[in-house]
Structures are given as structure tokens and as C-alpha cells.
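Trainee: Taken in sequence, the protein lines are chains A and B. Anchor point for the first sequence: position 160 equals 159 in numbering that gives the first Met the number 0, and the numbering is continuous, going up by one each time. Anchor point for the second sequence: position 95 equals 94 in numbering that gives the first Met the number 0, and the numbering is continuous, going up by one each time.
Derived by calculation from the structure, the hints in this document are not laboratory data. Just so we're clear, the structure is a prediction, and the values are computed from it rather than from any experiment. All clues given are correct.
Calculated cross-link-like contacts (lysine-lysine; reagent style DSSO-like; alpha-carbon spacing at most 27 Å):
| # | chain 1 | residue 1 | chain 2 | residue 2 |
| --- | --- | --- | --- | --- |
| 1 | B | 28 | B | 211 |
| 2 | B | 111 | A | 153 |
| 3 | B | 76 | A | 142 |
| 4 | B | 306 | B | 212 |
| 5 | B | 89 | A | 139 |
| 6 | B | 60 | A | 152 |
| 7 | B | 68 | A | 153 |
| 8 | B | 89 | A | 152 |
| 9 | A | 225 | B | 89 |
Per label pair, the in silico range of CB-to-CB distance:
| # | chain 1 | residue 1 | chain 2 | residue 2 | range |
| --- | --- | --- | --- | --- | --- |
| 10 | B | 69 | A | 317 | 26 to 34 Å |
| 11 | B | 53 | A | 318 | 18 to 26 Å |
| 12 | B | 130 | A | 152 | 25 to 33 Å |
| 13 | A | 28 | B | 53 | 15 to 23 Å |
| 14 | B | 58 | A | 28 | 20 to 28 Å |
| 15 | B | 108 | A | 152 | 21 to 29 Å |
| 16 | B | 13 | A | 227 | 25 to 33 Å |
| 17 | A | 315 | B | 130 | 33 to 41 Å |
Virtual Cβ for every residue (Gly too), placed ideally from N, Cα, C.
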Amino acid sequence: MTEDQKNSNSTEYLQKFTYRLYDGKFQPRWMRVLYLIRFELISTWRKSKFAKVLMIIILVFSFFSILGAAMLKSIETDEGEGKVVIRDALNESIASYFAINLSFILSNSDGISYGLGRGLGMLLLIVIGLAGSGFFADDKHGKVIEIYLSRLKKREYLTGKVGAIVIYINILVLLPLIITGVLFVQSLEKDHEKFLDFYMGIIIYSVLCSIILGLFILVLSIFGEKRSYASLIFFLVFLFGTIIGQVIAVENLDNEFFLLISPSNFLVLLAYVCLGDYDLGVWDEKKEKYIELNLNNGVGLEYWHIYLQAFLFILILTLFLTYKIWKTTTEEL
Amino acid sequence: MQNILVIRGLVKKYGSFPALDGFSCDIPKGVTGLLGPNGAGKTTFLRAVLGIHPFESGSIKFLDYELPKNLLAVKDKIGYQPEVDTRILKTSAMRYVTHMGTMAGLSRNTSKQRAFDTLHYVGLGEARYRDMNTFSQGMMQKVKLATALVHDPLLLLLDEPTAGCDPESHEQILDLISDLGNNHQKNILISTHLLPDIERTASYVAVMNQGKKVIQGDLNTILQQDDKIINLEVRVNGDHNKFAQLLQNNGFEVTNATEIISLNIERDNDKKYLSIFKIAQNNGMNIRMMTTHRQSLEDVFLNEIAKNQMEN
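Next comes chain A alone, as it looks inside the complex:
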């Protein structure tokens, strides 16, 4: 007996289960987008054991940041210098999450780094690359785009996918950062209400970061033949982009705009800007020299340049995605 024969025996099932009509209600169209987001989130989370393990590792390591707070307690006061140091340390602990420091340190504190979780977010890039690369590549491979588009508008399909990856990355980025921030403030025995702008800054940074990283991996996923290529390119672009960007930046430290070439530096700067911290500096490890970087002095690189770059990234990546989904070939369906 074939497998099909075992599962169903000729007309037996026709007699047993007749076709049933449906005369109930249909959901509004936006609900379908929510269902697609939900489905993608659950599928991605289920598929990625690595992400679960990594989240635990990141959360455990994030607690080391609180050790920094203990060190700060010895110098903290509610007034003047002490207050600034605490806020700088808090901002740095968030901003240094995606930092890769090869030849210089971009920070807000005169060469002193409190960010004990520095670069921990780099581990997340592996998870984001692996998970996000399958969003379109798996649909293409499984030939389900045609089925989706027979039920959804292209815009709805795209919104569902973008929504899912942004929420997924946001959970991965925001959760450790917000926990670190809250525990940091708690360990200093400060009033949380006085740090609401700090928490809001974390949320804005996390959302912007998720949108940029999410759109980038989706573009690679929709253009790539296989998910493995997309995830590899994602990681290589970040890694080599950072190496090359930092080499260029370190040779041209007098021109602040070169700092934006490195993806890692860009995310660090974006974090500081979102947290409202514009008074930064670059510590050149080779020359052991500190160069001031003020993002709100009307000279050179300004905070709005960083927002502009983020906006341009989002715009260009969205246009790429939209173009590709509208021009989907018959072979890709």
C-alpha cells in the first residue's frame, strides 16, 4: 500500500467528512497583516534554537554592566560632576552594545569606558542574519509567495514581513538593553521617574536599529538565491564595513563625517543621538590621543546628520524591497 492509500481509502472519507460551507464573517484586511506577523514571529522563534541560547548568554552577560554601576557608586553624587558621570556611563552602556573597537574608541567619557557589555550586540547580528535571511528566501524556496499574493495585496505581504522582522529584532535588542538600563538605575538606588527620557531613548534607538537592520536583511533575503548567502553577506557587510570604515576614519580623524562609514560606528552614534548625548569623543588608541566630537556645535558632524543617514538607509532599503516585490518574476513565485 502506498502512503496515500494508508491515509485515505478511496471514497470512504468522502462519505465520512462531507464538504462544509462557511457563511461566517471575514476579518478586516489589517488583521491578516497581524496574523502574518504573528505567524512569522512564532515560526522564526521556533526555528532558531541558536537565538534562544544566545539571548540567555546576552542576558547573563548584561548583568556584568551592573558591576560598573557598583564602581560608580563610590564617586556618585546627585549634583554636578557625579551626576554627569552616571548619565554618561548609562548612555555608554547602551551605545556600546554594537561597538567594535579596532583602532579607536568612540565614547562620551574622555577615554574612560564603563560599557562592560561593549560589543555584546555583535552576537545578535549572527542571530538576526540567520533568522531574517529566511523571510523571503524560504518563501521563494517553498514557492509560497504565489499563495500569499493570491490572498494578500503585495503591500500587505511586505508590511507583514517587515513588521515581523522589526518586532523580532526589537525584542532581541530592546530586551537586554532595557533590562540593563533598569537594573543599572536600580543598583544606583535612583528614582526611575528621573530616567524616563533615558528609557525613551533606548526604545527609540532600538526601534530605529531594528528597522535598519531588519530592512537590510530583508533586502538581502529577497535578492538572494539562498538564505545562507543572505545571512553570510549580512554578516560580512557588517564586519568588513566596520573594518574598512574604521581604517578610513582613523586616517582621517580630522574629518568627522568619515565616522559614518563604519556600520558599527553608525549604530554607536545613533544610540548616543537617540539618548540625547551629543558631547562625545574619539580615543585614538595608537596615538593615545583624545579628540572631541560635539554633535551639536554647528561644526562638522551634527546629530541630525546621523538621523538623516538613518532615514536615507530606511528609504533606500524600502524602495529596494518594494521594487523587488512588484517586479517578482514568474520563476520566483
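Use these hints to put chain B onto chain A, whose structure you have.
Mentor: Here is chain B on its own, set in the frame of chain A:
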């Protein structure tokens, strides 16, 4: 009979290649077979109805809805079974059909219930929690049919619904299509290369070639139709070679002279019929069988495609 689809002058090009070249056709309610050789434009047409590939010019009317103006309303009323196997990694048939139900506008709970019902209906009740990636071709075709049915559409578009099936699954799917069309009044448009499947399930046929309609009509009418000449099959007791020679000597066009002699004859020429009996009688033979050869859909299909290609 009211048409469920009225298509006029549909044009869709891939680059400079016209996949649909002014295609016009009326699809009535009931089960219709859409036939055509590879590259005829069948799948492109189905995708144009669903708005997956927008068409450049022409019009499609689905009941009272105009396309592409009312595309969203039309999408909700159509269930589509694509030709290719559709799979989502590490997903059971139940989860897949439920998900596609929600994509068609059902609430999650309703979709779960409908997925359960339709998977049982297509005969996959026992296998519904198995990973789809372990399914055979026949089972995959059933999952796709259940997916197309989950939101109880008015029109089913089935693209090669039995492709790759083993004989058992093939029969079951044809049973399901017949059941849906005859007992549940579903409107079904089946695009396939398998002409016997159409003969078995459809009551109406549309044939297309090179992006254009070649012929359309009621299946019985199409099979009976021919020009003034019909093909007659005759069997005699005696030497059939000699009888074939006698017929040829008397001006008959004999196309086959084996045990069953085939000859072409004018449809309404009674004298010619009688003369066949006379020839037999005069030569001491008896006619044991005389019948008109019923064309198969394949004959019609091949003839019409050949005619169409000659015209082009």
C-alpha cells in the same frame, strides 16, 4: 447560464513576448476545463485573475466585479491551487492550512476549524499534524486543495491539480473535484494537460494556444461537433481486406483497413450508407457492426491546436 468569468481582449506581456494576446473567453458556472499546450498562457491567465500578474489591457469580469478595480473582493472569493508544490519549513499541514485561512480573512479559531474540516474532507485527517515536508506528491496536492477550499470560495482555480499523483491519489482528487462541482455547486476552473481528467470532471471546455482562445463550449457539443464528414467504423464477416478494396473501388475514402474498417463519409448522405450494405450483400458478406467513431477530447484538442497553428 450565467457566466462566472467574462474575459475580453486580455493582454499580458513578459518583455516583448505576449503571454496573453487578446485572450477572450466566457467561463460559465460549474466545472470548466482550461486546456492548452505548454506556454499557451493558462497559468498567466489564472495569475491575472488573481492580480498576481497585472495585465496590460483588456477586462476580466468576475460575476458583478470588475478587475482590477474590485481585486480585493475577488481575491476573497477565489481559492487557488497552484501548480508547484508549496511548502513552509517545519510546518504541519494543519498549521499551514490554518495560516492560509487567516490570510484569506478567517479569524484564527474559525480558520483552525475550517482547516480541520477541509483536511479531513481531502483525506488527510490522520496526517494533519505531520510536517508537510514529509508528504508525497499526492498528499501535497490534497493539502493545496484543502488550502484553496479553507475559506469556502465561490470559484476554485486549480492549476494541474493531479500532477505527480499516484493512481490512487489521482482518482481521489478527481472524485473530490466531481463532488465539489456536482454536490456542492462549486465553480471550478481546472487548468491541466491531462485531457481525460477534463473529460471526467468538466462540463465545459476552453482551449487556448499562444495566448489566445482557440475554441470554447459545452464538452458534449465539442466532442460531437465536426464538419460535414464523419468517421464510420465498419466490421464484416468475411475478408475485411477485400471489403475495404470494394469500398475504395466504389469511391469511399477508407482510412483504416484492419479488422475494423474506418472510412470517411458525408454526415447526411443516406444513399452512401445504403450502398455500403449493398456492396456487402452483392459480395456475400454481412455487416456485423457499423458505428460512428466518437472523437475524444484529445482528438479535438490536437485538431484545433493544429488548425490554430496553421492559421498563425
